[in-house]
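Enquirer: Here is what each chain is made of, one letter per residue.
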Amino acid sequence: ETGVTQSPTHLIKTRGQQVTLRCSSQSGHNTVSWYQQALGQGPQFIFQYYREEENGRGNFPPRFSGLQFPNYSSELNVNALELDDSALYLCASSLGSLEQYFGPGTRLTVT
Amino acid sequence: GQNIDQPTEMTATEGAIVQINCTYQTSGFNGLFWYQQHAGEAPTFLSYNVLDGLEEKGRFSSFLSRSKGYSYLLLKELQMKDSASYLCAVRAPGGGYNKLIFGAGTRLAVHP
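Taken in sequence, the protein lines are chains A and B. Numbering follows our numbering, with no gaps: position 34 of the first sequence is 34. Numbering follows our numbering, with no gaps: position 96 of the second sequence is 1096.
Don't read these hints as lab results, they were simulated from the structure. These numbers come from a predicted model, not from an experiment. Note that the Cβ used here is the ideal one computed from N, Cα and C, for glycine as well. Heads up, some of the hints might be wrong.
To be verified - Cβ-to-Cβ under 10 angstroms is the rule here; a few derived chain B residues that face chain A: (1) Q1006; (2) M1010; (3) F1033; (4) G1040; (5) P1043; (6) F1060; (7) S1085; (8) C1088; (9) I1101; (10) G1105; (11) A1109; (12) P1112.
What the hints assert, rightly or not - Covered stretches of chain A, going by a simulated chain B footprint (3 or more residues, C-beta under 8 angstroms): (13) 37 to 45; (14) 98 to 104.
Please model the complete structure; the sequences and the hints are all you need to start from.
Expert: Encoded structure:
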């Protein structure tokens, strides 16, 4: 059974640029949730995708968007990057609303 | 509003027992999770409580009281590798989906 994988591991971007982060869900899981974790804080819910549709969103602006593909992998896109977007971005997959399994995360630094 | 509180830091001695408390106030409740997170790594699942009472899993136990909005994680026979952050998270319903609301985490340092 393959676990949740994310790419890239680390990324450095400049303020104003756009970034795409990728997540492959665990085999058999149809739901992907994305979280932002700032240093020293707990993860904050960004949004969730179920069967290719966004079915829930946290308090993040529209420049945070996403996609889920037929194989249930997912992308997180962030436009017009700001310094405060620097964080660890975590993807978690689950089968519906059951337990979420986290990927290793992507560390994004915005300069 | 959504609020989850847990102590910021705790220290303990190898071989000892430590209890990490978590209180929550959320609009809706579909279970409480504890995750362990080592620095720079992903959170890993430790325990899940949806009914009141104690769930035991090896050296780790978790307790839930829904009426008090309270949970604790109990770690026994502490080992150096238990030094990590421990995250309390409530699964809250909202519009046909479930999301996890996390506390800020408790950094546990285990000393020899």
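Enquirer: Give a verdict on every hint.
Expert: Quick rundown of the hints versus the structure:
1. Checking B/Q1006 against chain A: minimum C-beta separation of about 9 angstroms stays under 10 angstroms; hint holds.
2. Hint status for B/M1010 relative to chain A: violated, with the closest Cβ pair at about 15 angstroms, above 10 angstroms.
3. Given the 10 angstroms rule on beta carbons, the hint for B/F1033 holds: about 8 angstroms separates it from the nearest Cβ of chain A.
4. With its C-beta approaching chain A no nearer than about 8 angstroms, B/G1040 sits inside the 10 angstroms limit, and its interface hint holds.
5. At a threshold of 10 angstroms, the smallest CB-CB gap from B/P1043 to chain A is about 5 angstroms, leaving the interface hint in force.
6. Violation of the interface hint for B/F1060 is found here, the shortest Cβ-Cβ separation to chain A being roughly 16 angstroms, above the 10 angstroms cut-off.
7. Given hint, B/S1085 at the interface with chain A, holds; its Cβ is 9 angstroms from that chain's nearest Cβ, closer than 10 angstroms.
8. Proximity of B/C1088 to chain A holds as hinted, the smallest CB-CB distance being about 8 angstroms (cut-off 10 angstroms).
9. Restraint check, B/I1101 versus chain A: the minimum CB separation of about 7 angstroms is within 10 angstroms; hint holds.
10. Using the Cβ-Cβ criterion of 10 angstroms, the hint placing B/G1105 at the interface with chain A is satisfied: the shortest such distance is roughly 5 angstroms.
11. The criterion of a C-beta within 10 angstroms of any C-beta in chain A is not met by B/A1109, whose closest approach is roughly 15 angstroms, and the hint is violated.
12. Checking B/P1112 against chain A by beta carbon gives a least distance of about 25 angstroms; that is not within 10 angstroms, so the hint is violated.
13. With a cut-off of 8 angstroms between beta carbons, the region 37 to 45 of chain A has 6 residues touching chain B; three or more are needed, and the interface restraint holds.
14. For the region 98 to 104 of chain A, the assignment as covered by chain B holds, since 6 residues bring a beta-carbon within under 8 angstroms of that chain's beta-carbons and 3 suffice.
Violated hints, in rising order: 2, 6, 11 and 12; the structure is consistent with all others.
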